[in-house]
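Here are the chains, one letter per residue:
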Amino acid sequence: MNLEKVIFGFFIVFAATLNFGFFIGEIDNPSHHDIYELFAAIVVNLIATVLKFGDRTQIGAIHLATSLVADLQLLAAAMVWGYAVHVAGTGLSAGVMSSIVSLSGGALFANVISVVILIAETIMQRR
Amino acid sequence: MTSSTPTSTIFLVLRRLRTPLIVLIIIFALSVLGLTLVPGPPDANGAIQRLSFFHAVYFFSYTATTIGFGEIPYAFSEQQRLWVTLCIYLSVIGWAYTLGTVFAMLQDKNFLNAVAVQRFARQVRRLREHFFLVCGYGETGRLICKALDELGYRAVVIEKDEAKVGDLELQSYSADMPALCADAGEPDTLLFAGLTSRYCRGVIALTNDDSTNLAVAIAARLLAPALPALCRAEHSDTVANMASFGTRHIINPFEKFGEYMALALHSPAAYHLLLWLTGLPGTTVTRHRDPPAGKWVLCGYGSFGKVMTQALENAALPVTIIDRARRSIQPITGSRATAPVPMPSAAPASTTRSASSPPPATT
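Residue numbers (my numbering), protein chains in the order written: chain Z, 1 to 127; chain V, 128 to 490.
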């Protein structure tokens, strides 16, 4: 067992599960989507991105790319949230909530790709 | 190996940045999370306020970067101040650790080298003029670069000695000459220096190491067969080796000097003409002293000495050879004139010069 691989797999799967947890629920119902879960998803995604730094293989590059996409989408979702509540002052209306959740849905897709790559990589390994 | 080294160093840098970046992210996340949870002062209705994520990120961004606008959006409660105190120290540790790692890496020799190679390769790639690839920036290399500069060509220089690369940067050439401190014997270095570029007009190998010159000759022959290569070779086996690879111009500096000497002895006027025709651009005609005819004393009998002896013998001049190693002085096969005089090996050559017996000067 390689500790580095455990940590790597842990953060990739954790990022995907947190993202899924935030995404699931009615798309325009604010009570179904917790802000702390979005925050945790962003932090874990950022850590997963940093863990993918410095891998020169093709698979490593795709890993990093999917993570960057997920970061971008989640940060955009957080910015929409902050803008709606504090800057625009409209509060969490149904329209705002659905755009936040759909952005996180995009990030979820990128995270699923990441997990699929991780699984494929593991299965392809022969020893 | 060289081609992978610069790029893999970049990956290594990213790899080493992992831990500091993760530490920073965790510190930032913990502090922001804490700020949203810690109870703030009661508002006008007496309800406990808490910082929203927006305000927490805003507050911590200016606190962690030491800008410190103060307590925004309202004066903090004592609980919040307690947490902020902790956060400040945490963030200082995080920044100190990250910056320390970054600066240690920037000082790293391998990293600096990788950056220099990348910059050099980019410079060469962007060249849109014809250039010559000069390996070795010694005395000859400097003259050649000067001549190329005056002829309006660019030169790309590879030199092993860092001091000489620095010297190149101090020269005021009219065009910018990309230079790299590296071993020209590595084919990858030559590729970085544009060996296969379509603007490369020729390769000139001038290092004072025969094996490096040979490696350059082979690499040029294999990687860019159409490119003319001028290679310096001091030993006859290197010359033969280069010739077997089809190197078109092999220059043995000793032989060249011997030839010029012979020409100067034989017909000084032809020698002067040769100098005028092959001199560097912009040089003025100077009067050279013709080598005098008569008996010559040759101190040292290495590969250069052999060539000189041959040249002097061809001019039918008597030569006396002085050398410390008795073994090295063997009469040249087919020698017409003089027998070399071996000196007693114990005595230094300089002191026994006058004691050398007169050579049997026969012609």
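Because the hints were derived from the structure by calculation, they are not lab data.
Small disclaimer: the values here were computed from a predicted structure and weren't measured.
Beta carbons: idealized from backbone N, C-alpha and C, even for Gly.
Be a bit skeptical, because a hint or two may be false.
Heads up, simulated SDA-like pairs for lysine to any residue below, C-alpha to C-alpha not over 25 Å straight-line [as the list claims (entries may be wrong)]:
1) 5/Z with 87/Z
2) 287/V with 379/V
3) 5/Z with 287/V
4) 5/Z with 379/V
5) 5/Z with 171/V
6) 5/Z with 149/V
Covered stretches of chain Z, as calculated for chain V (at least 3 residues, CB under 8 Å) [to be verified]:
7) 2-8
8) 41-55
Not everything, but these chain V residues come out facing chain Z in the computed CB check (under 8 Å) [unchecked claim]:
9) 144
10) 145
11) 148
12) 152
13) 156
14) 160
15) 181
16) 295
17) 298
How the hints compare with the structure:
Between residue 5/Z and residue 87/Z, the direct Cα distance comes to roughly 42 Å. Violation of the 25 Å bound is thereby established for this hinted pair. Restraint check: the Cα-Cα separation between residue 287/V and residue 379/V comes to about 21 Å, which is no more than 25 Å; the hinted pair holds. At most 25 Å may separate the alpha-carbon atoms for a hinted pair to count; residue 5/Z and residue 287/V exceed this at roughly 42 Å. A C-alpha spacing of about 59 Å is found between residue 5/Z and residue 379/V, which places the hinted pair above 25 Å, so the restraint is violated.
The straight-line distance between the Cα atoms of residue 5/Z and residue 171/V is roughly 52 Å, outside the 25 Å bound, and the hint therefore fails. Of the pairs offered as hints, the one joining residue 5/Z and residue 149/V holds, with about 16 Å between alpha carbons and a cut-off of 25 Å not exceeded. Proximity of the stretch 2-8 of chain Z to chain V, defined as three or more residues with a beta carbon under 8 Å from a beta carbon of that chain, is not established by the 0 residues found. Under the rule that three or more residues need a Cβ within less than 8 Å of chain V, the assignment of the stretch 41-55 of chain Z holds, with 8 such residues.
Checking residue 144/V against chain Z: minimum C-beta separation of about 7 Å stays under 8 Å; hint holds. With a cut of 8 Å, the hint placing residue 145/V at the interface with chain Z holds, because the nearest CB-to-CB distance is about 6 Å. Of the supplied interface hints, the one on residue 148/V holds, with its beta-carbon coming within about 5 Å of a beta-carbon of chain Z, less than 8 Å. About 5 Å separates the beta-carbon of residue 152/V from the nearest beta-carbon of chain Z, less than 8 Å, and the hint is met.
Taking 8 Å as the C-beta contact cut-off toward chain Z, the hint placing residue 156/V at the interface holds, the least distance being around 4 Å. Residue-level restraint check for residue 160/V holds (minimum Cβ-Cβ distance to chain Z is 7 Å; threshold 8 Å). Because the beta carbon of residue 181/V sits about 4 Å from the nearest beta carbon in chain Z, less than 8 Å, this interface hint is met. Annotation: residue 295/V was flagged as interfacial toward chain Z, and the flag is violated, the nearest CB pair being 33 Å apart, outside 8 Å.
For residue 298/V, the suggested interface contact is broken, since its CB lies about 38 Å from the closest CB of chain Z, more than 8 Å.
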